[in-house]
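The listed protein sequences derive, respectively, from chains A and B.
According to full-length UniProt numbering, the first sequence is numbered sequentially starting from 1.
According to full-length UniProt numbering, the second sequence is numbered sequentially starting from 1.
Keep in mind that the hints are not guaranteed to be accurate.
If several chains are the same, the list does not tell them apart, and a pair holds so long as it fits within one copy or across any two.
[Claimed, not checked] With a straight-line Cα cutoff of 30 angstroms, these simulated DSSO-like cross-link-like pairs (lysine-lysine) come out: (1) Lys133 <-> Lys54; (2) Lys64 <-> Lys81; (3) Lys102 <-> Lys6; (4) Lys102 <-> Lys125; (5) Lys42 <-> Lys125; (6) Lys204 <-> Lys28; (7) Lys226 <-> Lys171.
Since the hints were derived computationally from the structure, they do not count as laboratory data.
Number of protein chains: 2
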Amino acid sequence: MAEQGKVIFHGMWASPFARGVKLALNLKGISYEYVEEDLVNKSDLLLKYNPVHKKVPVLVHNGKAIAESLVILEYIDETWKDGPKLLPSDPYKRAQARFWSKFIHEQLFEITFLIFKTDGEVQQKAIDGMHEKLNTLENGMKTLLVQGNLGFENDVGILDAIFYSLFGGYKAHEEVLGIKFIVAEKFPVLFSWLMAIVELDVVKKQAPPHQQLVQGLQRYRNSGLKSSAST
Amino acid sequence: MAEQGKVIFHGMWASPFARGVKLALNLKGISYEYVEEDLVNKSDLLLKYNPVHKKVPVLVHNGKAIAESLVILEYIDETWKDGPKLLPSDPYKRAQARFWSKFIHEQLFEITFLIFKTDGEVQQKAIDGMHEKLNTLENGMKTLLVQGNLGFENDVGILDAIFYSLFGGYKAHEEVLGIKFIVAEKFPVLFSWLMAIVELDVVKKQAPPHQQLVQGLQRYRNSGLKSSAST
Chain A
1 MAEQGKVIFH
11 GMWASPFARG
21 VKLALNLKGI
31 SYEYVEEDLV
41 NKSDLLLKYN
51 PVHKKVPVLV
61 HNGKAIAESL
71 VILEYIDETW
81 KDGPKLLPSD
91 PYKRAQARFW
101 SKFIHEQLFE
111 ITFLIFKTDG
121 EVQQKAIDGM
131 HEKLNTLENG
141 MKTLLVQGNL
151 GFENDVGILD
161 AIFYSLFGGY
171 KAHEEVLGIK
181 FIVAEKFPVL
191 FSWLMAIVEL
201 DVVKKQAPPH
211 QQLVQGLQRY
221 RNSGLKSSAS
231 T
Chain B
1 MAEQGKVIFH
11 GMWASPFARG
21 VKLALNLKGI
31 SYEYVEEDLV
41 NKSDLLLKYN
51 PVHKKVPVLV
61 HNGKAIAESL
71 VILEYIDETW
81 KDGPKLLPSD
91 PYKRAQARFW
101 SKFIHEQLFE
111 ITFLIFKTDG
121 EVQQKAIDGM
131 HEKLNTLENG
141 MKTLLVQGNL
151 GFENDVGILD
161 AIFYSLFGGY
171 KAHEEVLGIK
181 FIVAEKFPVL
191 FSWLMAIVEL
201 DVVKKQAPPH
211 QQLVQGLQRY
221 RNSGLKSSAS
231 T
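Take the sequences, apply the hints, and build the full model.
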């Protein structure tokens, strides 16, 4: 493997966004120094490296900082060309992977966070919205699957990493919320895709212990419910 | 130039997003068939090609449709490698261009639309928010400029196209709103950058007539004010 330089990865163990970047680093076999960030009390380094968004993940490569999951994933693919490719080589297939990664990133994360932080009618509305978006994603992934262009049929890449970012903790989601999102009968393509990803050795190795994630998500849910009750 | 294939571009003359894609096509010297879309009465083709967002721009290359400005811009750069490069070749510089393109795309468009569609206190709040974001962008672009990595110092590319998407019609914005956003004293880097872009021959050739844009934006503003008054 080519000289990889010094890689520092600022994450937070339960952050879904950090989870996807971690998977990409592990898929490429890149060694890195890991810095766990406390998002309640952000480090000076995090504020220096990501002054615009002040969020994890941040990747620092030979002193240069890169922020934003999708930007980092592309950077990883373009910098370490050895190891598996995270985007297909065909421009049209790359465009499809980027389109759907952006879709998941822009349309599914916020609504998932909302479901965690709310109850009753507001939560139900968010759940309905989530199902609609999952339906769109299911149809899109079915098309990619038919074209032989969905990650788990070929290489695992950026699109898989983003999907895994969101649903890698699906068992903990189910336990905390009592809701199954990716149901086989309703979303057969998404279900098979998720199962294929979580069964990968590289994924199994990096997943946090189930009970730890359940407790972390429960804390996140409780603080969200508390703050929405007080506004 | 390599065989370019059949290129069809679905746009709308006043759409800022379409403006950026048009610039990229023109920069690369790609011949295309243009389809003007009526966004009030969307064509079956637009709904077929972009079923997820149902928006322009859409690029159709040899029958394959690509949607979403940033995805299209990357596709154009990767497909037609002759002509100017729209992203730098260094991965870190590419990451910076992507980061800031994403910032403009996600944080500046919606707030601009809001300023057009509102009045009074709501508009003032949006204007304040816009200035804050422009301040962040000014600082970011200053850093890129110092590094010799801002488009108008080198090649014009994706970041310039996105910035031009938003502010290419700045004279019409000023006439309709009575507000100057990119003021030299306040945002010297953004101001020089915008002036450099609008002075490019390729940009001058593609810009719609000023009065036509003023009228289009005035109609957009009037319909926005009307609908916000009725809710």
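Exercise for the section: State whether the alpha carbon distance between Lys102 and Lys125 is at most 30 angstroms within one copy, between copies, both, or neither. Expected result: The answer is both: 23 angstroms in one copy and 29 angstroms across copies each meet 30 angstroms.
Problem - Intra- versus inter-subunit Cα pairing at 30 angstroms for Lys102 with Lys6 - result: Intra 29 angstroms, inter 26 angstroms, cutoff 30 angstroms: intra and inter.
Problem - Same-copy or cross-copy closeness of Lys204 to Lys28 [CA-CA at most 30 angstroms] - result: within (16 angstroms within a copy, 45 angstroms between copies)
Practice task
Can you give me the call for Lys133 and Lys54, within, between, both or neither, at a CA distance of at most 30 angstroms?
Solution key: Cα proximity of Lys133 and Lys54: in one copy and across copies (28 angstroms, 14 angstroms).
Practice task
Measure nothing new, just compare the shortest in-copy and cross-copy C-alpha distances for Lys42 and Lys125 to 30 angstroms and report within, between, both or neither.
Solution key: Result: close only across copies, 28 angstroms inter versus 33 angstroms intra.
Practice task
Please work out whether the CA atoms of Lys64 and Lys81 approach to 30 angstroms or closer within one copy, between two copies, in both situations, or in neither?
Solution key: Classified as both; 19 angstroms inside a copy, 28 angstroms across copies.
Practice task
Up to 30 angstroms between alpha-carbons, please classify Lys226 paired with Lys171: within, between, both or neither.
Solution key: Close inside one copy (24 angstroms), not across copies (48 angstroms); limit 30 angstroms.
When held up to the earlier numbered hints, the structure conflicts with none and fits them all.
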